[in-house]
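2 protein chains.
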Amino acid sequence: MRVFSRFVEPTGLRAEFPVLERVAYLNAGTDGPLPARAVRAAIEELEREAADGRTMAHFERRSELEGELRVAYAAMLGCESADLALTTSTSEGLAQVIGGFELADGEEILTSDEEHPGLLGALAGARDLRGVAVREVPLPSIAEAVGPRTRLIACSHVGWASGLLAPAELGALDVPVVLDGAQGVGAVPVDVHALGCAAYAGAGQKWLCGPDGTGMLYVSPGLRERLAVSRRGFRNLGDADAGLDAGLKEDGRRFDAMSLSAEAVACALVAHEVLAEAGWSEVHARARALAAQLTGLLAERGREVAPRGDTTLVSFQSDDPPAERERLAEMGIAVRHIPQRPWLRASVGAWNDEDDLHRLLEALVA
Amino acid sequence: MRVFSRFVEPTGLRAEFPVLERVAYLNAGTDGPLPARAVRAAIEELEREAADGRTMAHFERRSELEGELRVAYAAMLGCESADLALTTSTSEGLAQVIGGFELADGEEILTSDEEHPGLLGALAGARDLRGVAVREVPLPSIAEAVGPRTRLIACSHVGWASGLLAPAELGALDVPVVLDGAQGVGAVPVDVHALGCAAYAGAGQKWLCGPDGTGMLYVSPGLRERLAVSRRGFRNLGDADAGLDAGLKEDGRRFDAMSLSAEAVACALVAHEVLAEAGWSEVHARARALAAQLTGLLAERGREVAPRGDTTLVSFQSDDPPAERERLAEMGIAVRHIPQRPWLRASVGAWNDEDDLHRLLEALVA
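From first to last, the protein sequence lines stand for chains A and B. For the first sequence, our numbering gives the first residue as 1, with consecutive numbering after it. For the second sequence, our numbering gives the first residue as 367, with consecutive numbering after it.
It is worth saying that the hints were derived from the structure and are not from the lab. We put the CB at the ideal spot given by N, CA and C, even for glycine. Among these hints, one or two may not hold up.
Sample of chain B residues facing chain A (criterion: CB under 10 Å; computed from the structure) [as the list claims (entries may be wrong)]:
#	residue
1	A490
2	F600
3	N602
4	D611
5	A695
6	A732
Using the sequences and the hints given, assemble the complete structure.
In structure tokens:
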């Protein structure tokens with residue numbers, strides 16, 4: 001019954017994730033599996049805070065953890081850590097860039113027709129509040145769709161509904177590009193310089209297996225100087241003791257989330273470490289190969305797969321996606337349905353194995 | 367050696383906080399002591415997420431927890447839960463209100479001369495980006511300082527540096543008032559209707575003893591309709607499946623933080639429960655009475671106390687505040703220093719007892 005494959009599980013990776021003992025967990029595109037080690041790191045911080053209180057030593061500890069996470073996340077994006085902000089979510093980063101970008105009435109933001117509400121919300125804000133036009137085109141042809149009024153392109157790096165990749169041509173355009181990397185970073189290799197993007201927003205809780213409420217935002221130094229920052233918390237200020245003249249931090253920390261907890265940062269950091277120990281090239285290769293394998297197996301069984309790229313998402317046809325998702329959940333198989341489309345979406349990670357795929361395939365025909 | 371007092375500790379409250387076994391913890395104005403029970407609640411959520419994964423059932427669970435926290439926090443402010451947003455910090459709430467308020471070049475925001483960087487950052491943003499004047503006056507006389515160009519008043523409910531209360535006259539003005547309640551909610555009774563404020567932002571991690579990264583924002587229904595919302599995450603949207611036409615949630619959830627973790631919300635909820643079980647009127651009365659007692663004792667010992675109100679903060683003269691804070695920390699006494707002022711600040715909570723005050727007093731003369 002076991003599906004044949006040449007892919008060997010990275011030693012020990014699977015055992016890090018308690019949920020995999022029971023569930024065929026194919027849902028990292030929503031939230032990744034949480035490693036037990038990362039949970040322990042969060043618990044240690046919470047217990048330290050309860051025992052020692054939260055005084056200056058606590059904030060120094062939190063600051064150190066944030067510094068480590070910034071370095072780790074920056075490496076995931078191929079950028080300097082000074083250009084990286086720690087956020088609470090992909091959406092928060094996207095909202096900061098789009099909300100702070102200078103746009104005049106009648107100018108246009110170009111986006112794709114398969115964007116997540118987390119990006120669309122910020123775009124609708126720009127449209128409603130600043131009279132900007134938002135034009136939606138298919139992701140694969142977005143680079144050719146740039147028009148004379150296009151001032152900004154904002155779209156997915158990896159489409160959350162289909163798993164399609166943004167076209168490489170985007171990086172060669174003169175118009176600044178903001179990428180929604182919620183399904184990118186951790187799932188596929190990312191290099192913001194090779195992508196040629198001015199900003200890249202990612203999630204901590206999906207393909208990096210961290211806690212809810214974590215994320216990152218890369219903003220290029222050139223764009224950073226151009227973005228208006230209306231919300232400025234203590235951590236974003238240059239000299240917080242200078243009152244109204246505090247100014248902003250020179251580097252990417254001006255975009256940092258206003259408050260992250262030490263327990264969340266420690267949890268995210270150790271989750272990243274678990275994957276880093278398995279090796280990122282191995283993690284990426286294994287996840288994409290398993291996803292490609294699943295794509296083939298679904299097609300063989302007559303389940304049409306949505307057009308996709310070499311990514312970790314596999315969306316496939318379902319006659320009643322919410323009902324089928326629910327039925328699969330009862331069988332211990334975690335996938336999600338895509339609203340407004342006749343699709344279920346399987347998110348395939350390096351922590352998955354062929355048994356997980358097999359359980360899904362068997363359940364689909366049951 | 368024990369300082370005499372008529373105040374009896376609320377049964378069992380003190381035992382909830384591990385830090386009090388060792389530390390004279392007078393630092394809730396920065397971050398409150400964390401109850402062991404609240405830490406356990408966070409751990410339970412984290413372990414559930416690791417074991418069961420984070421699928422639809424997880425998000426339903428998180429949503430339930432948020433609903434409970436919204437009700438609990440709304441009761442603390444005396445408002446409808448529909449008018450309350452859950453945020454990551456006081457500053458986040460203040461930034462949303464000030465950033466979304468319609469203000470024209472040449473108009474003015476009135477504030478006090480003892481505001482926290484978390485409010486000043488948002489005010490500096492309005493000044494730098496929208497040409498608004500920001501005028502600072504002493505907190506006790508702020509109501510009389512309203513001028514013809516004043517469109518908004520934004521100031522502390524309880525001053526973080528001194529412990530002064532905003533004047534009651536603010537509530538009778540025609541100009542909308544936004545209160546920074548970081549040192550208010552949980553420390554002193556709050557009723558947003560009695561205060562007559564249009565918005566009130568508070569913290570979860572200070573006087574409510576929750577985790578870092580939690581907070582609340584009340585916005586009156588009248589002001590809500592007038593505020594521009596440029597950042598709109600999934601949770602803020604009316605119909606997230608409607609793409610660019612999703613609109614905003616009708617109620618206060620349009621201002622919710624984009625992502626809170628179940629562990630943070632559960633921790634905040636149980637921390638609130640610990641205090642609620644002791645009784646809020648008892649908690650408020652005891653904290654204020656102990657603070658008043660400390661004020662008297664400091665004065666007796668020749669330490670000048672900063673002008674204050676009937677609040678839980680006691681700031682007092684120090685020749686070298688950072689050095690004295692550090693020396694006290696080494697003796698297991700947690701207070702903070704106030705930048706730019708010759709003051710140390712003791713935050714007195716219902717979890718404190720006279721031994722805590724006594725340890726501080728003895729250490730100050732040591």
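Right, here's what the structure says about each hint:
no.	hint	result
1	A490	holds (5 Å)
2	F600	holds (5 Å)
3	N602	holds (7 Å)
4	D611	holds (8 Å)
5	A695	holds (7 Å)
6	A732	violated (19 Å)
Checked against the numbered hints above, the structure violates only hint 6.
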